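K.L.:
The chain contents come next:
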Amino acid sequence: MIAARLPVQRPSNAKVLIVDGQGNIEHQARSEFADLLRPGDVVVANDAATLPASLFGQHSRTGRRIEVRLAGRDSLDEIRQFSAVVFGEGDFRTPTEDRSKPPALKSGDRLELGHLRGIVVRLLNHPRFILLQFEGSLREIWEGLARHGRPIQYAHVQTPLAVWDTWTPIAGPPVAFEPPSAGFALDWSMLASMSARKIRFGTITHAAGLSSTGDPELDALLPLPEPYRISRSTALMIKHAQTSRRRIIAIGTTVARALEHTALMFNGVVPPGERLATQRLDASSKLRIVDAILSGTHERGTSHHELLRAFVDDETLGRIDHELNTCDYRTHEFGDSVFLERAANKTRPPAESPVAA
Amino acid sequence: MNIHHKAIDSIPSPLRPLLASADDHLSKPFTDVRVAITGGTSGLGLSLVRELLDRGAKVAFVARSRNRVECVVQELPAAHGIVGDLSRKGDIHPITMQIVGALGGLDVLINNASDLGPIPLQLLADTECEDLERTLATNLLGPFRLTKVMLGSLAASAREGRGAVVVNVSSDAAVNAYPRWGAYGASKAALLHLSRIWDEELSLEGVRVISIDPGDMDTPLHAAAVPDADRSTLKRPEVAARELADTVAAVLSRRTSDSEAIVREVIR
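Residue numbers (the working numbering), protein chains in the order written: chain A, 1 to 357; chain B, 1 to 268.
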């Protein structure tokens with residue numbers, strides 16, 4: 001695949017590779033994605049806006065330059081305390097695996113990040129992975145993040161990203177650390193055409209986390225636990241789809257992770273509420289909720305690629321990878337997409353009696 | 001106060017007897033409603049911050065001057081004050097992030113911040129291009145950009161049955177051609193038309209966009225425009241704020257009912 005190097009969310013030539021439940025592969029313009037949907041389908045997207053979670057500054061004890069990338073939090077409302085990955089001098093132009101290391105970090109170290117002041121509460125079992133606590137009022141923290149933070153960025157996009165490059169058209173609460181980029185495919189016109197065809201649209205809010213740290217030990221931990229909230233209206237749509245045997249379509253891996261996490265907790269039903277997704281989806285996962293997924297084109301070995309194994313078997317995934325490579329699909333957050341229907345042999349367990357949502 | 005909208009009859013106006021006598025009904029819809037107000041440190045904006053806090057809303061406000069934002073926060077600590085300039089593209093996302101982050105979402109956006117144009121007011125032929133650009137940036141582009149970035153939050157509120165309303169504060173200069181009000185009048189006319197089109201387009205999402213002319217008020221903006229005006233003839237901004245809040249309350253009540261009907265349809 002080819003890295004998508006320009007921060008254009010909906011390029012006119014964006015493609016989607018389609019795999020139906022029997023493993024048949026087709027290609028289509030992504031702008032016609034809504035044509036893949038059927039009346040009665042429920043489409044669920046992640047409406048998280050992306051925090052500018054890359055904070056440059058200084059490690060006070062040594063005076064050395066650092067970059068802090070916020071990585072996780074316990075709840076969507078938490079704004080004072082984050083888990084974070086720390087890099088040494090340099091920026092996104094250097095691939096993460098080649099970045100210089102930060103100074104040795106210790107509990108109690110102070111970090112000066114623009115107007116933000118933080119303290120290392122403790123290391124999280126890795127010399128570059130910390131629990132960071134911001135000082136000051138909530139208003140000061142919000143302003144510091146909004147004014148000083150930059151979007152987390154990787155070397156394949158070589159010009160600095162603006163915040164608006166990372167917000168989907170439906171972006172709402174600023175809780176994600178990297179963009180829920182499958183949602184880049186959506187626009188308001190597409191949502192209107194879906195509505196006209198009686199295709200239901202709902203959102204969850206999921207704090208999408210880091211996709212890479214450049215450190216094999218840390219990358220092995222991804223995805224980190226991620227808080228998410230399922231709204232009342234979305235829970236109702238899902239309940240209705242379950243009882244009427246309509247399809248539930250996830251826009252992005254975060255939606256699949258959240259809905260399946262809740263279904264695992266509540267025996268196949270999806271009540272509204274906020275929870276912390278801790279599980280991984282992979283070949284061993286039995287999907288209970290999501291019938292199909294629109295996702296990016298992921299490289300083998302990544303956690304996102306592993307998640308697709310919950311939808312299709314390895315033989316089909318091999319053919320998908322081959323098609324993506326031979327047809328010059330573009331990858332990463334501004335790249336092309338895949339639309340996978342859950343394979344017939346990845347059957348949903350017998351439906352439990354839905355409880356009131 | 002005038003509501004500039006083709007569907008004015010569909011909005012229960014606070015000026016009508018039916019709702020004017022229903023104070024309780026009008027004041028309750030703001031409990032825990034999340035409201036953002038631009039230009040919130042003086043005039044109508046400051047009065048709206050006070051009025052909506054009194055009615056139980058969660059309020060964030062935006063203004064350019066840090067000192068004035070700090071003063072208002074000191075007076076009204078329940079309000080979340082944000083320093084930002086709506087006329088600057090680069091400020092829009094930081095402002096949005098702070099509003100939605102602090103309030104946990106957004107139900108009502110009041111685009112109140114306004115730029116009068118050249119002071120003293122000038123004939124259009126004497127208006128510098130830069131003055132017109134600045135006026136359009138504050139009065140038209142700013143509300144457009146802020147509303148666009150907030151749409152995800154507003155549409156989510158509408159789906160949840162909370163109601164979602166955008167109020168663009170207008171003027172009679174938007175519909176009448178007053179000499180020397182060219183920059184301001186043209187910007188407000190464009191904002192009025194933007195509101196009408198957006199209201200049509202967003203009805204599907206359950207987001208209501210209305211344009212309200214609060215009338216001639218005793219505010220710093222009016223004093224700058226008409227320095228020798230008889231202030232006793234002007235409406236007090238707190239009166240205009242109360243009227244505007246009543247109108248938004250009526251729209252919120254209506255939209256909430258509509259959204260609940262949609263939810264009922266989903267589960268049928």
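Mixed in with the good hints, there may be bad ones.
Per label pair, the in silico range of CB-to-CB distance [as the list claims (entries may be wrong)]:
1. 232/A / 148/B: 46 to 56 Å
2. 90/B / 133/A: 20 to 30 Å
3. 126/B / 64/A: 37 to 47 Å
4. 5/A / 88/B: 48 to 58 Å
Computed footprint of chain A on chain B, listed as stretches where at least three residues anywhere in the stretch have a Cβ under 8 Å from a Cβ of chain A [stated by the list, open to error]:
5. 81 to 91
6. 149 to 158
Bear in mind the hints are in silico, worked out from the structure with no lab data behind them. All figures in this text were calculated on a predicted structure; none of them were measured in a lab. Where a beta carbon is used, it is the ideal one built from N, C-alpha and C, also for glycine.
K.L.:
State for each hint whether it applies.
P.N.:
Checked hints:
no., hint, in the structure
1, 232/A / 148/B: 46 to 56 Å, "violated, 26 Å"
2, 90/B / 133/A: 20 to 30 Å, "holds, 29 Å"
3, 126/B / 64/A: 37 to 47 Å, "violated, 57 Å"
4, 5/A / 88/B: 48 to 58 Å, "violated, 28 Å"
5, 81 to 91, "holds (count 3)"
6, 149 to 158, "holds (count 6)"
The structure is inconsistent with the numbered hints 1, 3 and 4, although it conforms to all the rest.
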